[in-house]
Structure formats: C-alpha cells, structure tokens
Amino acid sequence: MAAVLVYSEKVETARELVAGGKELGAALGLGVSAVALGPGAGAAASELAAAGADTVYVSEDAAFEGWPADAVAAGLAQIAELAGASVVLVGSTRRGKETAPRLAQKLGAGCVSDVNSLVAEGGDLVAGRYAFGGATVAREKLGTAVKVFAVMPKTFSAEGASAGAGAVETPTLDVSSSVKVVDRRAKEGEHVNLDAAPRIVGIGRGFNAREDLALGDQLAAALEAVVGCTKSLADFEWLGEDRIIGLSGAKTAPDLYLSVGVSGQIQHTVGVAGAKLIAAVNKDKEAPIFAMADYGIVGDLYEVVPALVERLKSV
Amino acid sequence: MDIVVCVKTNPDLQMVRVKDRVAVTEAVPYKIGDLEKNALQAAVDLRAAAGGKVTALCLAVGNRKAAEDVKVALAMGADEAVVIDDPALAAPDQAAVATALAAAVKKIGACDLLLFGEGSTDNYSGQVGARVAEILGLPQIGYARKVEAVGGAVRCERSMDDMLETLEAPLPAVVTVVSEINEPTIPGLMQIMKAKSKPLQVWSLADLGLDAAQLAPTREIVSNLAEEQDRKHILFDGSAAEQADAFVNALIKEGVLGR
Ligand SMILES: Cc1cc2nc3c(=O)[nH]c(=O)nc-3n(C[C@H](O)[C@H](O)[C@H](O)COP(=O)(O)OP(=O)(O)OC[C@H]3O[C@@H](n4cnc5c(N)ncnc54)[C@H](O)[C@@H]3O)c2cc1C
Ligand SMILES: Nc1ncnc2c1ncn2[C@@H]1O[C@H](COP(=O)(O)O)[C@@H](O)[C@H]1O
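Chains D and U supply the protein sequences, listed in that same order.
Numbering-wise (this note's numbering), the first sequence opens with residue 1 and increments by one.
Numbering-wise (this note's numbering), the second sequence opens with residue 1 and increments by one.
No wet-lab data here; the hints were simulated from the structure.
Virtual Cβ for every residue (Gly too), placed ideally from N, Cα, C.
One or more of the hints may lead you astray.
Pulled a few chain D residues facing chain U out of the computed Cβ check, cut under 10 angstroms [to be verified]:
1) T93
2) G133
3) A150
4) V192
5) N193
6) D195
7) Q218
8) L277
9) V304
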C-alpha cells in the first residue's frame with residue numbers, strides 16, 4: 001500500500017507527525033510509515049509504532065550522525081521509494097527545514113515548509129503557512145506525484161493515538177555527507193518555554209543597553225510573567241534564542257502579552273496573534289504595535305515601567 | 001574566492017497593508033530582502049579576507065524594475081549583478097526559481113561559494129538554497145551565523161535547535177545565513193554613484209537554455225488571507241503614573257490581575 005512517510009530527528013515531533021499522518025492517510029487511503037535515522041535511532045521504533053506507524057524504517061548508518069542535510073535527504077529519498085511514499089512529512093525544525101527541500105528536489109516533488117495546518121480536502125492535502133512575514137495565511141496544494149511537507153512541531157498531537165503494526169525494516173542505504181563536523185556541543189543555559197506561558201512581557205530594541213533589561217525583569221516579576229523578546233535583542237545576544245517571539249521564534253497564546261519598546265513589525269506580532277489581550281508600551285504613538293493592541297501606553301519605557309512596577313505593588 | 005549571492009527583491013513588508021483580509025502589494029516599493037543583505041555583507045567581508053569576485057544574482061518575481069532595485073547590491077559592494085527576467089516567471093514556485101538560479105550559476109561559470117538568505121522576506125520558505133545545492137550536487141550548510149574561508153573549504157558556525165555546531169564544507173558549497181551574522185552597511189552616496197558603472201546583465205530563460213514549460217509551477221495557492229483580529233485599540237493618556245494606573249485598573253477589570 002502506498003504510504004505517508006514521516007521523519008523527524010526529534011522523536012517527539014516524529015510521533016506527532018505519525019499520529020497526524022495516520023489520520024490524513026485514512027482520508028486518502030494511505031498507510032503510515034515512519035523513519036528513524038542515526039546511531040541509536042532504533043530505540044525510537046517502538047515509540048513510533050505506538051503512535052501509529054505500520055512500518056518503521058531504521059538506519060543507524062554513521063553518515064546520519066548529526067543529521068547532515070545531504071545524507072538525510074538521500075536516505076529519505078531511498079526509503080520513500082522503498083515505501084512507495086506519495087506524501088512525506090518532515091518535522092519543520094531547523095534541521096528538517098534545510099533537509100525537506102533537498103529531498104523534494106531529489107524526488108521531483110513540490111514542497112511546502114513551515115506548515116502549521118494540514119488537512120485532507122477532496123482527496124488532496126491543503127497546507128497552511130504564514131506568508132508576507134505573517135500578515136496572511138496561505139493555503140497551498142501541490143500538484144506533483146510526490147508531495148513533501150515540512151510541518152511545524154505541535155501541529156498534530158500524539159495523545160490518544162492508536163498503535164500501528166510497527167514492523168521494523170532496516171534497509172541498507174547508499175549515503176554519505178561531504179560536510180565535516182569540526183565541533184558540536186549542546187547549548188548551555190536555561191531553557192524557557194514561551195508556548196505555555198500565561199503572561200508574557202515582550203521586550204524590544206526600545207531598551208538602550210543590556211543592563212537596562214533588569215527593568216523588564218522587574219516588570220515581569222510584578223506581573224508573574226515570563227520575559228520574551230524580539231529577534232533584534234536575541235541577535236545582540238542580550239537574550240537567548242528561545243525567548244524570540246514571532247515568525248522565526250515562539251508562537252504564543254498567553255492571557256496577557258505586554259510589549260515594551262517593541263515596534264510591532266509583522267514578523268514579531270504573528271507570534272502573539274493568539275493572545276487574549278495585547279498591551280504595549282512605546283514612545284511613538286504611530287508604532288504599528290498599537291494598531292493591534294487592546295491597550296496602549298504612549299510613553300518612555302524608562303518612566304512607564306517603573307510606574308507600572310510601583311502601581312502593581314498595590315494589586 | 002568567487003562568490004555568487006542570490007538576492008530576491010520583495011515588496012517592502014512594512015508598507016504592505018491588509019485590506020479586506022488581503023495583503024495589498026500594488027504601489028508598494030520593492031527592495032532586496034534583509035537576510036540577503038546579510039548574505040551580501042558576508043560575501044563582501046569574505047572577499048576582503050580571501051580576494052575574488054562577488055556576483056549578485058536575482059530572479060525577478062512580480063516586479064518589472066528588478067534590475068533597478070538590484071543596484072543596491074552593487075552599491076553594497078557586489079562587483080557585478082545578473083538579473084533573470086522573463087515574463088514566463090510571473091509567479092514561479094521554489095523549484096522553478098532554483099532551476100533558473102542553478103542554470104544562471106553555471107552560466108556565470110567561476111563560483112566557489114553560493115550564499116543565500118535563510119529565507120526570503122515574503123515567502124520565508126527556506127527552500128531555494130537547499131534546492132540549488134541539490135541541483136548542482138553541492139554540499140550545503142544552513143543557518144550560518146559566522147562564515148570564514150579556510151584553505152579549500154568554508155567553515156561555518158550555526159545554532160541548531162539545541163546544538164551549537166562548527167561545520168566545514170569543501171568548495172564549491174552552498175551556505176544560507178541568519179540575521180545575526182553581521183550588520184549590513186548602508187551604502188553612502190559615493191558607493192551608489194560607483195554602482196552605476198558596474199556591470200549588470202539581464203538574462204531571459206532562453207539565455208539560460210530553459211523553456212517556460214520546465215518551470216511551470218506545481219503549487220497552487222488556494223487562498224491567502226489575513227486572520228481576523230478583533231482588538232480594543234484603547235490608548236491611555238496622561239503622565240506615566242496616570243497611564244500605569246489606568247492600565248492596571250483595566251487589567252483588573254479584564255480579570256487578568258487581582259483574582
Ligand atoms: C524573515 C524574517 C524573520 C523574522 N522573524 C522575527 C521573529 O520571529 N521575531 C521578531 O521579533 N522579529 C523577527 N524579524 C525581525 C522583525 O522584522 C523586526 O526587525 C523586529 O521584530 C524589530 O524588533 P524591535 O521591535 O525590538 O525593534 P525596532 O523595530 O527597532 O523597534 C523599537 C521600538 O522601540 C520604541 N522605543 C525606542 N525607545 C523607546 C523608549 N525609551 N520607550 C518606549 N519605546 C521606545 C521605538 O519607538 C520602536 O517602535 C524577522 C525578520 C525577517 C526578515
Ligand atoms: N527570486 C529569487 N532570486 C534570487 N534569489 C532568490 C530568489 N528567491 C529566493 N532566493 C534566495 O533563496 C533564499 C531563500 O528563499 P525562500 O526559499 O523563498 O525562502 C533567499 O534568501 C534568497 O537568497
């Protein structure tokens with residue numbers, strides 16, 4: 001039976017995609033197979049089967065160490081052929097996103113990346129993704145025989161998935177990478193999860209210096225909120241990448257999003273569109289953030305933030 | 001080191017307005033994407049260190065003035081520019097863009113390094129660089145935040161999900177860059193004047209030995225609409241303390257605070 005083939009180097013994401021792929025496959029008359037690549041990857045086979053995979057293709061070939069795009073794309077193309085895949089779902093992590101188009105090009109396939117919704121309609125798949133920096137949502141269909149979708153983590157849920165047969169196949173693949181790893185190390189520092197934060201203070205370039213971010217921390221503490229930021233502050237390395245909100249960062253849905261010194265360009269605000277309330281502090285009353293805010297304070301953050309912290313003491 | 005930088009000209013998103021849920025791009029000026037400016041700057045910096053030539057390569061999409069807009073790349077320091085402009089390419093998909101760019105790279109000839117943005121400003125699909133790498137059979141390194149030439153290789157640092165990596169690819173290679181790699185310099189009047197005399201060629205698909213049928217889009221955009229947003233748009237006024245007070249009172253009334 002032709003199949004939906006699922007791959008992500010992140011097992012959690014792969015499980016979600018297997019569960020989602022199984023539902024889509026049922027609508028299209030396709031089974032679902034999963035792929036696990038890299039030394040030690042076989043350990044994930046039972047989890048992928050539990051999420052619904054009928055077949056799990058495992059290759060522990062050393063060329064997949066660190067998941068280089070050229071080797072993974074080549075391996076997936078060979079497995080896609082073995083599995084008779086007409087749909088390939090790849091997790092749209094950075095690694096997945098650099099691999100999926102290379103795979104698509106190999107397969108003569110169309111590809112949609114950063115997919116945040118994927119539904120079966122009239123025997124075909126329709127993928128949703130942001131366009132124009134997040135201003136709009138494009139719904140796209142592919143006209144090629146094989147279709148590749150790079151799907152964002154958490155688009156589907158693996159909760160309550162029914163298990164598949166989980167037959168394990170260990171094909172021999174012809175793969176290699178010409179990219180050499182000089183150094184690879186885990187990132188240090190704390191990890192924040194903005195996705196689930198009920199209140200977020202989002203800070204931007206209105207802060208003049210790194211030391212001044214203490215003001216943002218004080219405001220966040222007074223509101224029992226988590227600090228997020230614009231890409232600009234992460235580019236300065238004032239804050240870590242996992243605090244970025246927006247198109248290339250977290251998509252959040254807090255009860256309250258309070259931005260401070262953020263202009264509100266679309267690539268940022270797309271990450272807070274799901275907030276129940278949006279509020280903003282900005283000294284420029286023409287700042288685009290006010291156009292999408294519920295409450296706006298026009299003023300210098302160096303005066304407004306201390307006033308807010310003071311006022312919050314008596315709540 | 002001869003470098004080709006692929007640059008796209010997009011509508012300036014800060015000037016795109018949404019009307020009746022549709023993004024209005026008519027009359028919006030086009031400019032080279034921010035990430036491609038980072039890629040250009042990286043190329044200019046590499047040339048300063050390793051010598052060679054920088055070519056800016058642009059496939060015009062939905063914009064008949066691309067040759068004009070690409071002059072910014074020359075002002076930023078590219079030695080020459082090539083624009084692919086053909087009426088058959090009104091709305092190409094990423095496979096078509098990659099096919100045409102790869103053909104142009106072959107025609108340009110000498111190329112040790114191909115630089116791309118991590119994503120284009122309007123699409124941000126991150127597909128084109130990887131597809132070109134596959135077509136040309138080259139190694140690729142995505143999301144570089146540092147690029148340097150070492151011997152016959154390119155060495156890049158990148159941040160991937162939860163890992164930091166330093167990778168090396170033999171030349172020729174494809175590298176895509178992220179915004180933190182550099183702060184692109186804004187060209188001054190002198191550079192803009194000098195750019196006018198730099199070579200700029202415009203090629204059609206026929207010049208590349210391609211025909212339109214090979215580049216027909218395989219993607220259909222079913223719809224492209226803004227999501228509805230319903231916001232209160234209340235702006236406070238008064239002193240910082242007065243506004244803070246009014247805001248906190250509003251949050252209490254909304255049930256966000258004080259329960
Ligand atoms: C492909 C692509 C993807 C991107 N992805 C993201 C993303 O995921 N997330 C993201 O955030 N950005 C992203 N960006 C960048 C985005 O376009 C903006 O550049 C960025 O969000 C702007 O950050 P900012 O608001 O901090 O800075 P600015 O735009 O410089 O705004 C600073 C604001 O602070 C105000 N201000 C200054 N001083 C004060 C003061 N004393 N008191 C009060 N207000 C003050 C100013 O009026 C201004 O409005 C992306 C860009 C591209 C091209
Ligand atoms: N029309 C184009 N002309 C030249 N380069 C392009 C074009 N489209 C995309 N690119 C390059 O490919 C990168 C990724 O684009 P995209 O796949 O659209 O996100 C961009 O940052 C550019 O470097």
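Comparing the hints with the structure gives:
no., hint, result
1, T93, "holds (5 angstroms)"
2, G133, "holds (5 angstroms)"
3, A150, "holds (9 angstroms)"
4, V192, "violated (13 angstroms)"
5, N193, "violated (13 angstroms)"
6, D195, "violated (15 angstroms)"
7, Q218, "violated (13 angstroms)"
8, L277, "holds (6 angstroms)"
9, V304, "holds (5 angstroms)"
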